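K.L.:
Sequence:
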Amino acid sequence: MTGFDNPLSPCDMGAMADSQQILCIGSVLWDVIGRSAATMRAGSDVPGRITRVPGGVALNIAMTLRRFGLAPALLTTIGRDEEGDELITRCNQMSLLTDFVYRSEDLPTDIYMAIEGGNGLIAAIADAHSLEAAGDKILRPLADGTLGSADAPYPGVIALDGNLTEALLSEIAQSPLFVAADLRVAPASPGKAERLLPLLGHPRATLYVNKEEAGYLCQRGFETAPEAAQALVERGAPRALVTDGGAETADATGGGLIVATPPEVMVTRVTGAGDTFMAAHIAAETRGQDRATALNAALSAAASYVSGDVPQ
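Here the sequence shown is numbered in full-length UniProt numbering, starting from 1 and rising by one per residue.
It should be emphasised that the hints constitute simulated quantities derived from the structure, not laboratory data.
Quantities reported herein were computed from a predicted structural model and do not represent experimental measurements.
Worth double-checking, as some hints may not be accurate.
What follows is a set of in silico ranges between Cβ atoms, one per label pair, in the way DEER data are often shown [stated by the list, open to error]:
1. E234 to D85: 44 to 50 Å
2. E82 to G201: 41 to 47 Å
3. I50 to V179: 43 to 49 Å
4. G221 to I50: 14 to 20 Å
5. G246 to I122: 14 to 20 Å
Straight-line Cα separation of at most 20 Å, SDA-like style, residue types lysine to any residue; simulated pairs [claimed, not checked]:
6. K137 to S170
7. K137 to D127
8. K137 to F100
9. K137 to Y102
10. K137 to M113
The beta carbon of each residue, even a glycine, is placed where N, CA and C say it ideally should be.
Let the hints inform the model, and build the full structure from the sequences given.
P.N.:
Pasting the structure below:
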């Protein structure tokens with residue numbers, strides 16, 4: 001195992017599954033992002049910077065969890081191409097566990113491309129076709145006894161992203177492999193939010209969405225995040241955290257609603273902000289923080305990220 005400060009055997013990982021190790025299931029790919037300080041619109045041609053960095057919802061969450069001292073393990077697919085080898089190397093260098101990654105000879109490594117201007121995200125294309133094509137192959141370690149099985153399901157935290165197909169997410173919602181997990185779920189984008197509908201009824205699921213994504217899940221618009229979070233709980237979600245940019249963020253359960261306002265910062269990037277919020281919230285609750293403290297900790301971490309204070 002390469003790059004871990006404290007290397008763990010599978011037996012060691014099973015012993016710590018419900019405490020420190022967190023499984024991150026979903027997209028691990030290359031982010032190609034063009035950024036400019038200029039205000040942009042369709043057809044704009046402006047100077048800026050273009051970067052290529054490891055990304056994807058599952059990987060963004062894992063990287064933030066690692067910064068908080070947790071032990072993220074990736075369940076995803078990465079091609080056996082040059083881009084995939086480089087991505088595996090970068091993940092190992094960041095002390096992320098890649099032993100359980102499904103590596104296909106036939107599927108290329110996925111990629112995401114985005115354009116960001118001074119006025120926010122202008123456009124993005126996510127090519128996650130390999131992840132979709134791999135299907136349930138990425139879940140084999142949860143079924144074959146490596147991390148769990150149907151008789152002894154994985155008991156720890158699982159961060160799940162909505163880049164999986166609707167069919168696979170529906171399977172996960174009903175699978176005995178996930179009945180004991182603390183399931184933390186996020187859509188990959190507003191356009192994929194409705195894929196999460198089958199997970200609304202999972203008894204141990206927490207949904208992390210923005211206000212627009214909540215609207216897709218509830219099939220109506222919302223004025224505020226607290227309104228959206230309460231509607232998701234009424235729709236069947238055991239717990240929902242809803243963000244709304246710089247406006248109020250809400251954490252709703254059947255037992256009540258908590259609301260907090262993000263710190264005011266200068267926004268220099270937006271791609272990955274929601275993933276950072278989710279990971280920071282998971283990390284705070286893993287440390288035993290109460291709901292209000294965890295919510296504010298997550299908002300602070302996301303603010304630091306969008307301001308550029310956290311390296312990418």
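K.L.:
Take the hints in turn and mark each one as holding or not.
P.N.:
Consistency of the hints with the structure:
1. E234 to D85: 44 to 50 Å: 47 Å, holds
2. E82 to G201: 41 to 47 Å: 42 Å, holds
3. I50 to V179: 43 to 49 Å: Distance hint for I50, V179 holds at roughly 44 Å.
4. G221 to I50: 14 to 20 Å: This hint is violated: roughly 35 Å between Cβ atoms.
5. G246 to I122: 14 to 20 Å: 19 Å, holds
6. K137 to S170: The given pair, whose Cα atoms are some 15 Å apart, holds under the 20 Å limit.
7. K137 to D127: OK: K137 and D127 at ~19 Å, within 20 Å.
8. K137 to F100: Judged against 20 Å, a Cα distance of about 11 Å means the pair holds.
9. K137 to Y102: OK: K137 and Y102 at ~7 Å, within 20 Å.
10. K137 to M113: Not OK: K137 and M113 at ~25 Å, beyond 20 Å, violated.
Going through the hint list in order, the structure does not satisfy hints 4 and 10.
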